[in-house]
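Engineer: Chains as they are written, first to last, in our numbering: chain A, 25 to 135; chain B, 1268 to 1385.
Simulated from the structure, these hints should not be mistaken for laboratory data. Ideal Cβ placement from N, Cα and C applies to all residues, glycine included. Among the clues, some could well be false.
As the list claims (entries may be wrong) - Far from chain A, some chain B residues (derived; all Cβ distances over 12 Å):
no.: 1; residue: V1280
no.: 2; residue: K1283
no.: 3; residue: Y1292
no.: 4; residue: E1293
no.: 5; residue: D1296
no.: 6; residue: E1311
no.: 7; residue: L1312
no.: 8; residue: S1320
no.: 9; residue: Q1324
no.: 10; residue: N1325
no.: 11; residue: S1328
no.: 12; residue: T1347
no.: 13; residue: L1384
To be verified - Computed, partial: chain B to chain A, Cβ under 10 Å:
no.: 14; residue: Q1306
no.: 15; residue: G1310
no.: 16; residue: F1314
no.: 17; residue: F1335
no.: 18; residue: G1378
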Amino acid sequence: SQTIHQWPATLVQPVGSPLSLECTVEGTSNPNLYWYRQAAGRGLQLLFYSVGIGQISSEVPQNLSASRPQDRQFILSSKKLLLSDSGFYLCASFRGSDGYTFGSGTRLTVV
Amino acid sequence: AQKVTQAQTEISVVEKEDVTLDCVYETRDTTYYLFWYKQPPSGELVFLIRRNSFDEQNEISGRYSWNFQKSTSSFNFTITASQVVDSAVYFCALSDILSSGSARQLTFGSGTQLTVLP
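One chain only, chain B, in its complex shape:
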């Protein structure tokens, strides 16, 4: 069974601080996808990143960066110089990869509420 743990339920930072959101996952699959999504107050899920399990290269996109450590089953997300607009719930998620390249289901963590104060 797959499981995603986001131990931080709520984080509050002051604008311009860096913040790291933790994500630890469990799976028996050897190949899988990892995701981060942002959910603003409006409710829709905004896709941030998808990672294949065989690609451990860290990624940076603007103020966002992701640290994938397969050895510790972690996929942490860092926001540099946080802004008020970053305030949202952030979800880490895990998906299996079927032989066809498709996926059966997306397992979400419970989310981390990030509040960035001005």
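Extracted from the complex, chain A is given alone in its bound form:
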């Protein structure tokens, strides 16, 4: 079964600073990978998804970008954080009969 490692668990960053959140997947190969954000209102919003190395689709225009340098690595980045980037970020993986697996999340607070 799939396991997702996501770090850090919590992060406090000043406005204007860069961001890099990393997600790695174990126990599967060639998964679809996703970044979701959960703002204070509880809803989960899809930010990016990737069906393969170097293939990134963006669902929502924003201050963030994603990259997939390796099959089981998915990175969420920003060059300059905004206050509105605060939220709970979840990485997810989908692979056939394993279904979706979510990481434990990163709680980002931009101050």
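Position chain B relative to chain A; hints supplied.
Structural biologist: Chain B alone, transformed into the frame defined by chain A:
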């Protein structure tokens, strides 16, 4: 476009009561997956169930049961004899199914905060 509606933003029940969480979805796909997830205060998403659109058989797992009605595009979740530990946010979600058996994205409802009082 896909859409999932969870009209109940917050529900509060007393322990041992039964509670049903509603979920209504919209999709143009003929085949899709439906999910329920639990999100405790710690934040992680706990998988509860996945349903294929062509399988309308209701499912029971312990105190949990799910009622899938394709005719009304609903996938409701019932907790029987609720417990304090059931307190969490519950998300219903919908995913397309690609020809490869994979899925493009998971569309979540806005969630229902369930509070079970002792």
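Engineer: Decide, hint by hint, whether the structure agrees.
Structural biologist: Hints and how they fare:
1. Once the 12 Å rule is applied to beta carbons, B:V1280 is consistent with being away from chain A; the minimum gap is 19 Å.
2. With a least beta-carbon separation of about 26 Å from chain A, B:K1283 lies farther than 12 Å from that chain, consistent with its non-interface assignment.
3. Annotated as non-interface, B:Y1292 keeps its C-beta farther than 12 Å from every C-beta of chain A; the closest such distance is 15 Å.
4. Against the 12 Å criterion, B:E1293 stays outside the reach of chain A, whose nearest CB is about 16 Å from its own CB.
5. Under the 12 Å C-beta cut-off, the non-interface status given to B:D1296 relative to chain A holds; the minimum distance is some 16 Å.
6. For B:E1311, the requirement that its beta carbon stay farther than 12 Å from each beta carbon of chain A is not met, with the minimum near 5 Å.
7. Not every C-beta of chain A lies more than 12 Å from that of B:L1312, the closest at about 4 Å, which undercuts listing it as non-interface.
8. The non-interface label for B:S1320 is consistent with chain A: the shortest C-beta to C-beta separation is roughly 14 Å, beyond 12 Å.
9. No Cβ of chain A comes within 12 Å of the Cβ of B:Q1324; the nearest lies about 18 Å off, and the non-interface call holds.
10. The non-interface label for B:N1325 is consistent with chain A: the shortest C-beta to C-beta separation is roughly 19 Å, beyond 12 Å.
11. Interface exclusion of B:S1328 from chain A stands, the closest Cβ pair being 15 Å apart, more than 12 Å.
12. Every C-beta of chain A lies more than 12 Å from that of B:T1347, the closest at about 25 Å, which supports listing it as non-interface.
13. For B:L1384, the shortest C-beta to C-beta distance to chain A comes to about 20 Å, beyond the 12 Å cut-off, and the non-interface label holds.
14. Taken as an interface hint, B:Q1306 checks out: its beta carbon lies about 8 Å from the nearest beta carbon of chain A, inside 10 Å.
15. Because the smallest distance between the Cβ of B:G1310 and any Cβ of chain A comes to about 5 Å, under 10 Å, the interface hint for this residue holds.
16. A hinted interface residue such as B:F1314 counts as satisfied when its beta carbon comes closer than 10 Å to some beta carbon of chain A; here the least separation is about 7 Å, so the hint holds.
17. Checking B:F1335 against chain A: minimum C-beta separation of about 16 Å lies over 10 Å; hint violated.
18. The beta carbon of B:G1378 is positioned within 10 Å of a beta carbon in chain A (closest approach about 5 Å), and the interface hint is therefore held.
The structure fails to meet hints 6, 7 and 17 from the earlier list, while all remaining hints are met.
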